[in-house]
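Sequence order for the protein chains is Z and P. Here my numbering runs 27 ahead of the position in the first sequence, where the first position is 1. Here my numbering runs 898 ahead of the position in the second sequence, where the first position is 1.
These are computed hints drawn from the structure, not numbers from a lab. Any given hint might turn out to be false.
[Claimed, not checked] In silico DMTMM-like pairs for lysine to aspartate or glutamate, Cα to Cα no more than 20 Å straight-line:
#	chain 1	residue 1	chain 2	residue 2
1	Z	K117	P	D1038
2	Z	K162	Z	D121
3	Z	K117	P	E1040
4	P	K1043	Z	D121
5	P	K1093	Z	E147
6	Z	K94	Z	E69
7	P	K1093	Z	E173
8	Z	K94	Z	D183
9	Z	K93	P	E1040
10	Z	K159	Z	D103
11	P	K1093	Z	D165
12	Z	K201	P	E995
13	Z	K305	Z	D293
14	Z	K201	P	D976
15	P	K1093	P	D1113
16	Z	K172	P	D1101
17	P	K968	P	D946
18	Z	K159	P	D1099
19	Z	K30	Z	E224
20	Z	K94	Z	E119
21	Z	K94	P	E1040
22	Z	K94	P	D1142
23	Z	K94	Z	D72
24	P	K1093	Z	E119
25	Z	K292	Z	D310
26	Z	K172	Z	E147
27	Z	K201	P	E1040
28	Z	K93	Z	D121
29	Z	K172	P	E984
30	P	K1043	Z	E119
31	P	K1093	Z	D121
32	Z	K298	Z	E224
33	Z	K216	Z	E236
34	Z	K159	P	D1038
35	Z	K201	Z	E236
36	Z	K172	P	D1099
Quick caveat: nothing in here was measured; it's all calculated off a predicted structure.
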Amino acid sequence: MSKLISHLQAINNIESGMTIGIGGWGPRRKPMALIRELLRSEVRDLTVVSFGGADVGMLCAAGKVKKLVFAFVSLDFIPLEPYFRQARQKAEIDVMEVDEGLMILGLRAAAMGAPFIPTEVGLGTDVIRRNKDIKLIDSPYDDSKEWVAMPALNLDVSLLHVDRADQRGVCQIKGPDHYMDDLFARAAKKTLVSCDELVDTNFFHKNSEEARYVFWERSVTSHVVHSPFGAHPSSCNPLYGIDVRVFREYAASAKRKDGWNQYFKDYISVKESVYLEKVGGADFIRTLPLPIY
Amino acid sequence: MVLILYVHYHCQSIKVIWLNLIVMREKIIHNPLADLLICACSSIWDDDSEVLASGIGLIQRLAASLAMMKNPNLMMTDSEAYIVSEPVPVGRRNGYEPRRETWMGFSRIFDNVWSGNRHALVGPSQIDRFGQANISAIGDYEQPKVQMLGMRGFPGNSISHANSFFVPVHSRRVFVEGEVDTVCSIGYNPARLPKGYWLDDIDIRRIITDLCVMDFEPNHKRMRILSLHPGVSADEVQDNTGFDLIRPDGLGQTAEPTPQELATISALDPNNLRINAVKTR
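Can you make the complete structure from the sequences, with help from the hints?
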């Protein structure tokens, strides 16, 4: 059974008002081609759950975010994400700001079908003062402590980008870190995965190492989109690094009046193939150096 | 440089030129304040056993690296996805390959955090008298004047393991008069203490700034000066702090780096990134 669909077909699974999760971390392995398709759609009023980078910034700039569930939004080498900042400083979005680890627990609870996971993370901080939805509970056992009941972050749809996949949804991430992508996949009703390389299932039989880099079973993958360089301008280690120049141009656009509209016109409104040519083409993107942390 | 030397070769002043170049080089590669701060920061891990030494930021990471060279029980990561057997020099690697020993992707970082086997040195934007810290938002939370990164891992770090703070510019903007605008990490604030907890359950070890080293006095958890950097007075520290500090009698001076420490720092920072990391005021 083939799960292969186009970018547009994938994004047609998303409706206004939905809660979406976005994989990757900051400027690393973000499903940017799917985000660009989402930016071109009419969808709005989204609740977005993300270890945020330009995915969050762009969705904020385009007015698609009703509520953001986040622990940070950053481009690493540009520490402060410009459009996320603008959205916050103009009070344009609702927020549920939590600790990174709390986000993991929220996704894990959703993946487990549990309403919450108890943790000490967040006690004594504004996590519990600012988020009325996050409740404190007493332990049912004899430790006489209170606990944060981190609620499940149930997602309607997750958007992920992986190195390679087959058409049945076996997904491989060869980079040094799969981040929380497995949890995003499991926390969602539907998981949409874009892949740099579409491979035959035989690829995974070469040796057991290839299967070792598959972090969720194919039943969790709803749809696969073949999207070479689909993480650009974020990195997809080891295939290509961060495109510093494009990120700088993106960040600079936020300083100009009408900057987002111009960026949208240049880089978002165009077809994916035109976008890739515009930023230098396949051969160039392959040479983008991997970041050194 | 070669050209200049050649041009001046027959001008008798070759010695003077050469000396000038050395002075220039000295200026370029030395930032005494950076070296002092790296050493002062590194000592926060002196008594730690097998914990993950996390230094977030350049000075902090160099400090953790120096600490691990002195105390090999410590663990560090390559700042990406692996625990390494020796600190990874900062910046361009010039062929150096990190000596990876354990996979440590972001999901596993939190397993380590929650185990308590970690001592992090972080650089908050605001700190209050309780040791509560802010890296999220300045001003009104609903509509911040300045939105920064977000809380990141501060809430979980602060309740799970030891933490220390590094402040490159000691000022009243950082050490605020009231509470920090957004409480990202738990401190010694009785009003916010969770049910079933004691102030002693929270472990803020030390605060290193460009003026001094401080800690929390153990009985009443009040911030106190431990040592002053060369040329700094206790009055200057107090004037730049938004709340009262304990100022013990006979305050000593922060230890200057030893030649051995300076050599180690140079090896850990082969690209001399630290020279621009802090400014002498």
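Okay, the hints, checked on the actual structure:
| no. | hint | in the structure |
| --- | --- | --- |
| 1 | Z:K117 with P:D1038 | holds (11 Å) |
| 2 | Z:K162 with Z:D121 | holds (18 Å) |
| 3 | Z:K117 with P:E1040 | holds (9 Å) |
| 4 | P:K1043 with Z:D121 | holds (16 Å) |
| 5 | P:K1093 with Z:E147 | holds (11 Å) |
| 6 | Z:K94 with Z:E69 | holds (17 Å) |
| 7 | P:K1093 with Z:E173 | holds (6 Å) |
| 8 | Z:K94 with Z:D183 | holds (14 Å) |
| 9 | Z:K93 with P:E1040 | holds (14 Å) |
| 10 | Z:K159 with Z:D103 | violated (30 Å) |
| 11 | P:K1093 with Z:D165 | holds (9 Å) |
| 12 | Z:K201 with P:E995 | holds (19 Å) |
| 13 | Z:K305 with Z:D293 | holds (9 Å) |
| 14 | Z:K201 with P:D976 | holds (18 Å) |
| 15 | P:K1093 with P:D1113 | violated (25 Å) |
| 16 | Z:K172 with P:D1101 | holds (18 Å) |
| 17 | P:K968 with P:D946 | holds (11 Å) |
| 18 | Z:K159 with P:D1099 | violated (25 Å) |
| 19 | Z:K30 with Z:E224 | holds (15 Å) |
| 20 | Z:K94 with Z:E119 | holds (9 Å) |
| 21 | Z:K94 with P:E1040 | holds (13 Å) |
| 22 | Z:K94 with P:D1142 | violated (40 Å) |
| 23 | Z:K94 with Z:D72 | holds (8 Å) |
| 24 | P:K1093 with Z:E119 | violated (35 Å) |
| 25 | Z:K292 with Z:D310 | violated (24 Å) |
| 26 | Z:K172 with Z:E147 | holds (9 Å) |
| 27 | Z:K201 with P:E1040 | violated (40 Å) |
| 28 | Z:K93 with Z:D121 | holds (6 Å) |
| 29 | Z:K172 with P:E984 | violated (39 Å) |
| 30 | P:K1043 with Z:E119 | holds (13 Å) |
| 31 | P:K1093 with Z:D121 | violated (29 Å) |
| 32 | Z:K298 with Z:E224 | holds (19 Å) |
| 33 | Z:K216 with Z:E236 | violated (29 Å) |
| 34 | Z:K159 with P:D1038 | holds (17 Å) |
| 35 | Z:K201 with Z:E236 | holds (10 Å) |
| 36 | Z:K172 with P:D1099 | holds (12 Å) |
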